[in-house]
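Turn these sequences into a full structure, and let the hints guide you.
First to last, the sequence lines map onto chains A and B. FYI, the working numbering numbers position 46 of the first sequence as 46, with every residue one higher than the one before it. For any residue, its number in the working numbering is found by taking its place in the second sequence, counting from 1, and adding 114.
Everything labelled a hint here was simulated from the structure, so no lab data went into it. Here the structure is a predicted model, which is why all the values come from computation and not from measurement. Hints may contain errors.
Claimed, not checked - Derived, one-sided and incomplete: chain A residues facing chain B with beta-carbon distance under 8 angstroms:
| id | residue |
| --- | --- |
| 1 | Met29 |
| 2 | Tyr32 |
| 3 | Pro40 |
| 4 | Glu42 |
| 5 | Gly43 |
| 6 | Pro44 |
| 7 | Phe46 |
| 8 | Phe62 |
| 9 | Thr63 |
| 10 | Ser93 |
| 11 | Arg94 |
| 12 | Lys101 |
| 13 | Phe104 |
| 14 | Gly105 |
| 15 | Gly107 |
Stated by the list, open to error - A short, non-exhaustive set of chain A residues, derived as facing chain B with CB atoms under 8 angstroms:
| id | residue |
| --- | --- |
| 16 | Ala41 |
| 17 | Phe89 |
| 18 | Gly100 |
| 19 | Leu102 |
| 20 | Gln106 |
We treat Cβ as the ideally placed atom computed from N, Cα and C, and that holds for glycine.
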Amino acid sequence: DQQVKQNSPSLSVQEGRISILNCDYTNSMFDYFLWYKKYPAEGPTFLISISSIKDKNEDGRFTVFLNKSAKHLSLHIVPSQPGDSAVYFCAASRGSGNTGKLIFGQGTTLQVKP
Amino acid sequence: ETGVTQSPTHLIKTRGQQVTLRCSSQSGHNTVSWYQQALGQGPQFIFQYYREEENGRGNFPPRFSGLQFPNYSSELNVNALELDDSALYLCASSLDSLAKNIQYFGAGTRLSVL
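Structure below.
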């Protein structure tokens, strides 16, 4: 049972435009969500997180939106840069628990074309 | 500040053998989590160690075991290797076990079982 899903395996955008990566989840007990970025031969790197008490969190070019009723979150990158080309994973956890077990989606490969 | 380091980077084993993977956590972190990432999938939680005790386990059989040492470094041991154990094994450290604390990942160990 895939509790966190990223239904788009890949996304291609032009440099300077907006990239929107989507993620859906099924477990209503999740209350903390994160986005990680992964380059080849490197480990995942933390990008941005959001608690379920918020519906938006911004950090520079990166904004995460959370729609709890739809069990949906999205990552917006504006403007997109070629260096943003990587695999993006969304992850969820039960923040009220004392185990930081992260449930990851399958990932979306973003390609930003110059 | 030293990040999370894993060794070895690559490993080839045959079915039925045993393997030990190692992880040095980031300075100041007392919690280590291990994940398995199969090709084309997101990382899957194996288990977490907090202050040398197992603190949560994912859906993996008992032949996956671990240790955490007083300096908070950690080992993942896999007995009776199977072909399906071929994957990237990621270690992540965090300040403590609370879900709100960001997990920082190492580059991983690529295990191939022949």
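Hint-by-hint comparison with the structure:
1. Checking A/Met29 against chain B by beta carbon gives a least distance of about 11 angstroms; that is not within 8 angstroms, so the hint is violated.
2. A cut of 8 angstroms between beta carbons decides the hint on A/Tyr32: the least distance to chain B is about 5 angstroms, and the hint holds.
3. Nearest Cβ of chain B to the Cβ of A/Pro40: about 10 angstroms, over the 8 angstroms cut. The hint is violated.
4. Because the smallest distance between the Cβ of A/Glu42 and any Cβ of chain B comes to about 5 angstroms, under 8 angstroms, the interface hint for this residue holds.
5. Because the beta carbon of A/Gly43 sits about 3 angstroms from the nearest beta carbon in chain B, less than 8 angstroms, this interface hint is met.
6. For A/Pro44, the suggested interface contact is upheld, since its CB lies about 5 angstroms from the closest CB of chain B, less than 8 angstroms.
7. About 5 angstroms separates the beta-carbon of A/Phe46 from the nearest beta-carbon of chain B, less than 8 angstroms, and the hint is met.
8. Given the 8 angstroms rule on beta carbons, the hint for A/Phe62 is violated: about 15 angstroms separates it from the nearest Cβ of chain B.
9. Using the Cβ-Cβ criterion of 8 angstroms, the hint placing A/Thr63 at the interface with chain B is not satisfied: the shortest such distance is roughly 18 angstroms.
10. Hint status for A/Ser93: holds, given a least beta-carbon distance of 4 angstroms to chain B, under 8 angstroms.
11. Look at A/Arg94: its Cβ gets to within about 6 angstroms of chain B, closer than 8 angstroms, so that hint holds up.
12. The beta carbon of A/Lys101 is positioned within 8 angstroms of a beta carbon in chain B (closest approach about 5 angstroms), and the interface hint is therefore held.
13. Taking 8 angstroms as the C-beta cut-off, the interface hint given for A/Phe104 holds, the closest approach to chain B being about 3 angstroms.
14. About 5 angstroms separates the beta-carbon of A/Gly105 from the nearest beta-carbon of chain B, less than 8 angstroms, and the hint is met.
15. Annotation: A/Gly107 was flagged as interfacial toward chain B, and the flag holds, the nearest CB pair being 6 angstroms apart, inside 8 angstroms.
16. At its closest, the beta carbon of A/Ala41 sits 7 angstroms from a beta carbon of chain B; the interface hint therefore holds under the 8 angstroms criterion.
17. The beta carbon of A/Phe89 comes within 5 angstroms of a beta carbon in chain B, closer than 8 angstroms, and the hint placing it at the interface holds.
18. With a least beta-carbon distance of about 4 angstroms to chain B, the hint placing A/Gly100 at the interface is held under the 8 angstroms criterion.
19. The beta carbon of A/Leu102 is positioned within 8 angstroms of a beta carbon in chain B (closest approach about 6 angstroms), and the interface hint is therefore held.
20. Nearest Cβ of chain B to the Cβ of A/Gln106: about 5 angstroms, under the 8 angstroms cut. The hint holds.
The structure fails hints 1, 3, 8, 9 (numbered hints given earlier, in ascending order).
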